[in-house]
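Participant: Mind docking chain Y on chain Z? Use the hints.
Taken in sequence, the protein lines are chains Z and Y.
Mapped onto this note's numbering, the consecutive letters of the first sequence carry residue numbers 20 to 103.
Mapped onto this note's numbering, the consecutive letters of the second sequence carry residue numbers 3 to 275.
No lab work stands behind these hints, which were simulated from the structure alone.
Glycine residues also receive a C-beta, built at the ideal position from the N, C-alpha and C atoms.
Just so you know, not all the hints are guaranteed correct.
Derived pair list, reagent style DMTMM-like, types lysine to aspartate or glutamate, alpha-carbon separation capped at 20 Å [unchecked claim]:
id, chain 1, residue 1, chain 2, residue 2
1, Z, Lys75, Y, Asp219
2, Y, Lys96, Y, Glu205
3, Y, Lys96, Z, Asp76
4, Y, Lys257, Y, Glu205
5, Z, Lys64, Z, Glu37
6, Z, Lys75, Z, Asp44
Quick list of the computed label-pair ranges, beta carbon to beta carbon [to be verified]:
id, chain 1, residue 1, chain 2, residue 2, range
7, Z, Met22, Y, Glu167, 44 to 54 Å
8, Z, Val97, Y, Ser141, 20 to 30 Å
9, Y, Asn263, Z, Asp44, 48 to 58 Å
10, Z, Arg36, Y, Gly270, 43 to 53 Å
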Amino acid sequence: MTMKLQPVQIATGSNDRESRLVFEDGMLVAVLVLLSGEHDAHAGKWFLEGGFGPVKDVHAPLFDDLETAKAWISTQLVDITSRD
Amino acid sequence: MQCESVTSLPVCPIDASQTDPALPSPPPTPRFDVSNPFVRKLEGFGPLRDADRALLERISANAQRIGPRVDLIREGDTPDGVILIMEGIACRQKHRANGARHITAYLVPGDACDLDVALLTQMDHTITTLSTCRVVRLSLDLVKRLMDEHPAIARSLRISTLVDEATLREWLVNVGCRSAIERIAHLLCELLVRLQIVGFASEDSYEFPVTQLDLADTVGLSNVHVNRSLQELRRQGVIELRGRTLKILDHHRLKSIAEFNAKYLHLGTQAAA
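Bound conformation, chain Z alone (with noise of 0.2 Å):
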């Protein structure tokens, strides 16, 4: 498995802006946002905007750095394949 991220701009309606999209072989499956200073203590922190399949979680943590949201996005991959 490979996941690659590309650095993307999303339009939140709010100051999170600078985003990565999260490509696992190729596929999308999510979108990571960085948290602006609006977010005071969690400011600089990723935060999962959005989920697909098993990435989906609405009570996601939020994470310290990429290397950390990548590795929580593995785990909820693999958690699924290992369901199947």
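Facilitator: Same frame as chain Z, but now just chain Y:
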């Protein structure tokens, strides 16, 4: 500030009688404590005799102060009385096995939970304080006597139960088919009306000791989306949040965003009585 848990404090009553024309007029010579939220709420649903007011005041006296985040009764417990909130905000909530929760109701001053709870053998949800509260537990026997022997009180309590159900329906609509900002706006509009009735909100302001995480679990959104919605409402000049005080700067706009119509709170019931 928006992402931090707000330390909870008691909601302080604000005398709204001078500012809200919808509130019932105080009697010319008030012989009773007009600030008692239980009396105010029930009087909103129908006229009460002096003896009824006196009784309600007597049974709601000596409320116990309970800190924030305390379970008053848990899912699975055997109901042992009817919980009455006299100050602060509590909630009804359900938990999933994975720790996730959803808040299905806010209980504000004057709210009594589950009149007929004695008919059930166990609670199907948990009632928890969100802020420091003053709480009374009415014994099941006392509630039965209220319902059997005091028809005006019984009538208002029954209407209050219907309003609880109507509010739950409105909240279902909220999470089912309103956007993030609309959900928040709707909740803020509802709380203004409910808190005004019991004298805990002025014309445009109230204490809002609910954390952003509580709010997220109430409207079924992430903490991030709640924060964005609150920021957007601020940017538009609709609300102002200072510490725990919420001030609604543009009530017309807030109601418009939420498509808020207070009919489901049945405030006109007194006039129809």
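Participant: A separate judgement is required for each hint: does it hold in the structure or not?
Facilitator: Hint-by-hint comparison with the structure:
no.	hint	verdict
1	Lys75(Z) - Asp219(Y)	holds, 17 Å
2	Lys96(Y) - Glu205(Y)	violated, 33 Å
3	Lys96(Y) - Asp76(Z)	holds, 18 Å
4	Lys257(Y) - Glu205(Y)	holds, 14 Å
5	Lys64(Z) - Glu37(Z)	holds, 11 Å
6	Lys75(Z) - Asp44(Z)	holds, 17 Å
7	Met22(Z) - Glu167(Y): 44 to 54 Å	holds, 48 Å
8	Val97(Z) - Ser141(Y): 20 to 30 Å	violated, 54 Å
9	Asn263(Y) - Asp44(Z): 48 to 58 Å	holds, 50 Å
10	Arg36(Z) - Gly270(Y): 43 to 53 Å	holds, 47 Å
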